[in-house]
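*Asks:* Top to bottom, those sequences are chains A and B. Going left to right, the first sequence walks through residues 1 to 359 as this note's numbering numbers them. Going left to right, the second sequence walks through residues 360 to 858 as this note's numbering numbers them.
Since the hints were derived computationally from the structure, they do not count as laboratory data. A portion of the hints provided could be inaccurate.
Here are the simulated lysine-lysine pairs, DSS-like style, with alpha carbons at most 27 angstroms apart [unchecked claim]:
1) B:LYS790 to A:LYS28
2) A:LYS28 to B:LYS840
3) A:LYS117 to A:LYS231
4) B:LYS458 to A:LYS64
5) B:LYS790 to A:LYS80
6) A:LYS231 to A:LYS80
7) B:LYS840 to A:LYS27
8) B:LYS672 to B:LYS785
9) B:LYS839 to A:LYS231
10) B:LYS839 to A:LYS80
Model, not experiment: these values are computed from the prediction.
In case you want the letters, here they are:
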Amino acid sequence: MKKLGQKIFGWIDERVHMDDLLEFMGKKYVPINSHSIWYYFGGVSLFLFLIQVITGIMLLLYYKGSEELAYESIQFIMSKVEFGWLVRSIHSWAANLFVLAAMIHMFSVYFTKSYRKPREITWLTGMLMFFLALAFGFSGYLLPWNELSFFATKVGTDIVGVLPLVGKPMLEFLRSGEDVTGATLSRFFGFHVAVFPGIFTVLLGIHLLLVQRQGMSEPLGHEGAAHDEEKRMPFFPNFILRDLLLWLLILNLIALLAVFFPWELGQKADLFAAAPAGIKPEWYFLFMFQTLKYLPAQILFVDGELVGILFFGLAGLLWTLVPFWDRKSSRGERNHLVNYLGLGAVLYIILLTILGWLA
Amino acid sequence: MFLVAIAAAALLVVGSGVARSEDQCVTCHRLLGDDPSRLFARDIHAAAGVSCAGCHGGDPTAEDPEAAMSPSAGFVGVPTGDSTTAMCAACHSSPARMKEFGTALPTDQQEQLSASVHGSPSLSGGRQILQCTSCHQAHGIVSVREPSSPVHPLRVVQTCTRCHADASYMRNYNPSLPVDQLSKYRTSVHGVRNAGGDSRTAQCASCHGGHEIRRANDVNSSVYPSNLPATCASCHSDATLMAAYGLPTDQLELFTQSVHGVALLEKGDLGAPACNDCHGNHGAAPPGVESVSHVCGTCHALNAELFAESPHKTAFDALGLPECETCHGNHDIIVATDALLGNDAEAVCSQCHDATSNPRGYAVAGTMRRLVDTLARAEEDARLLVEDAEQKGMEITEAKFTLRDARQARLEGRTMVHSFNEEKFKEVISKGLVASASAATEATEAIDEYHFRRFGLGVSTLIISSLALALFLTLRRIEKKPRPPRAPIPTHQQQGEEQ
């Protein structure tokens with residue numbers, strides 16, 4: 001068996017020169033420090049994204065993205081297709097865990113200042129992927145065409161319409177018309193399975209390439225892996241095996257969630273029914289939704305909701321551009337302002353999410 | 360309108376103080392021999408001391424007609440349009456004025472009239488449809504208790520139908536409103552007694568009200584479906600009044616508890632029958648033995664049709680039994696349960712059928728009850744299984760639909776009972792039993808699937824955990840090995856410099 005493996009490897013190596021790659025991987029090390037745990041969340045996010053791709057393709061074999069058939073096709077998947085219930089539940093649970101893992105990964109990179117030079121592009125591609133993950137969640141939420149998703153999409157897209165000048169055209173573009181209809185479903189479906197995955201794959205390629213090329217960042221004050229054998233571990237096989245071990249544990253967790261808490265389908269959306277009480281977006285949008293609810297109708301003669309949207313837009317932009325205005329960290333100096341801002345953002349998100357959940 | 364009312368009040372103050380012997384209006388108009396002066400002589404207002412000037416103004420003491428009917432003396436002539444009603448209301452809406460005349464008449468008539476359907480604008484739009492004088496006349500007004508009054512119970516029907524039986528007039532206001540109320544009324548028990556001189560029986564105003572009449576579809580109307588039982592009961596629950604006719608007075612009480620009463624009065628289902636749906640409204644009459652099934656059959660059409668073709672039809676006719684009422688009652692119809700069927704003491708079948716005198720019917724009733732009980736049990740068992748599967752989080756929509764078929768069959772069975780045909784009944788019940796069995800099978804499969812999922816999860820968790828353990832041990836083995844010394848790793852900056 002071993003000989004056969006060597007034979008196959010030799011056959012491939014003869015053609016594509018695998019030894020170069022092996023040499024590169026053999027040299028690659030991962031720093032060991034008190035923040036090493038955060039290195040794993042990138043891999044976890046990648047694993048969850050791969051699960052989404054695989055289960056998404058499986059669902060695509062049976063899902064029908066039309067107003068008349070979307071709900072029924074999910075019903076069919078869950079009751080008639082062999083293991084369809086499992087695939088759908090895994091897709092829904094993994095989607096939420098993916099956003100969570102990406103969020104943890106993003107915050108850990110922020111707090112360890114790993115975005116600093118020379119990793120600005122890695123950070124930017126990561127942030128764009130994070131926004132895309134949210135867009136994946138928003139568009140995917142509508143696809144079962146059930147009561148909750150229909151009204152949540154209505155409320156969510158309504159918020160966009162508040163923006164001056166561009167609000168209405170954006171709303172009509174998102175909805176493919178003035179209201180959320182079957183045309184919106186088709187549009188969201190197209191974005192969810194074609195447009196977003198295409199862009200995401202390109203960004204992911206760049207992101208992974210940069211991570212491999214530049215290696216793992218060392219947090220400020222924990223440098224020294226390059227010179228100290230004790231402060232690093234080989235990427236292959238040590239880090240890869242640790243990653244795999246974590247992925248297996250997460251796979252176990254997803255299986256448990258899918259079996260014990262199968263994702264519900266609810267009632268089919270009725271375009272003419274009144275919105276049920278307590279419509280809420282997915283948990284990762286809840287803090288913004290709750291903030292908009294707390295804002296008064298008018299703030300200094302400006303629409304309160306508009307102020308909220310502009311605030312979150314601006315905050316998101318500043319957050320994305322942090323490598324360019326946090327010059328101190330790039331120089332290797334401590335920047336407490338960045339820490340306080342990040343801590344404030346985390347506490348705000350947690351508090352408002354809890355309040356939104358309890359509301 | 361307000362100015363007219365003030366002017367009228369002022370006129371009445373002047374007019375009412377004039378003694379009849381000095382009233383030059385009457386003196387002259389009598390000489391002219393016109394109807395107003397002739398009729399006013401017997402008018403209730405004249406008896407109360409209200410003179411012509413009370414409504415028309417002018418100076419009733421002046422002998423010169425020009426001076427008497429001079430605008431400077433406040434003469435307003437013949438009031439027209441809404442000023443007529445305002446003129447009457449000047450006294451009739453004033454508790455103080457009415458007290459002066461020593462009458463206890465209510466003072467909200469104008470208010471009620473304005474809010475009523477007759478207070479709506481007329482075709483011209485310049486005035487409301489009816490004025491006080493439209494029903495009460497202008498001169499010669501007598502007490503409503505006087506048989507000569509146009510609004511006396513024995514005459515009010517003719518007064519109302521002056522307009523309401525006139526198709527061309529009614530078309531202007533409500534083309535869909537029938538104009539045959541009077542002819543129908545005359546066929547009713549109320550109408551017949553009224554025509555015979557019984558002023559206590561119901562006439563138009565008894566049900567529709569006097570001044571406050573509203574459209575029948577107005578929720579405040581006394582004849583709105585949910586208000587109608589109380590309206591009828593205002594007489595039919597009056598023990599003193601009904602004693603004269605030998606009628607019971609518990610109809611409303613029974614109806615309120617009945618399936619129809621609960622639907623109409625508690626659940627607000629306006630499709631449920633009120634009194635008039637069975638007894639008629641203008642042609643109100645109690646349905647007879649022969650007609651009761653037709654009355655019930657207007658809504659319960661299939662039941663009535665099946666019963667008409669059943670052997671019971673002939674038997675009931677021969678015995679002179681009312682068809683539906685014999686088993687279901689009339690005002691106190693309760694929800695029909697399966698307990699009505701069968702040959703035990705509770706069942707209505709056993710009122711006529713027993714094992715000795717009518718063994719065939721007795722046996723069929725027993726069989727039908729057993730069948731319907733079997734279906735109810737099967738449906739209940741299937742429902743519990745479906746609920747269990749649903750609680751376990753299984754997708755069970757199809758089984759729920761199948762369960763609906765079983766319920767539908769049970770309801771169809773309740774209708775089919777009225778054919779009293781065992782074979783037809785069995786056929787319907789069988790459909791329900793098949794549907795129940797199918798739902799139960801689907802639910803059982805879903806529950807099995809639920810257990811299989813947990814078993815599968817256990818197996819997969821075991822496999823994944825074993826893999827994880829193997830990986831962990833491999834990792835430990837690798838990490839325990841001493842690492843070969845290596846050269847320092849070039850940092851990114853150093854790599855850049857090298858390049």
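*Asks:* Indicate, hint by hint, whether the structure satisfies it.
*Replies:* Outcome of the hint check:
no.: 1; hint: B:LYS790 to A:LYS28; verdict: violated (72 angstroms)
no.: 2; hint: A:LYS28 to B:LYS840; verdict: holds (18 angstroms)
no.: 3; hint: A:LYS117 to A:LYS231; verdict: holds (22 angstroms)
no.: 4; hint: B:LYS458 to A:LYS64; verdict: violated (81 angstroms)
no.: 5; hint: B:LYS790 to A:LYS80; verdict: holds (25 angstroms)
no.: 6; hint: A:LYS231 to A:LYS80; verdict: violated (53 angstroms)
no.: 7; hint: B:LYS840 to A:LYS27; verdict: holds (18 angstroms)
no.: 8; hint: B:LYS672 to B:LYS785; verdict: holds (21 angstroms)
no.: 9; hint: B:LYS839 to A:LYS231; verdict: holds (15 angstroms)
no.: 10; hint: B:LYS839 to A:LYS80; verdict: violated (50 angstroms)
The structure fails hints 1, 4, 6, 10 (numbered hints given earlier, in ascending order).
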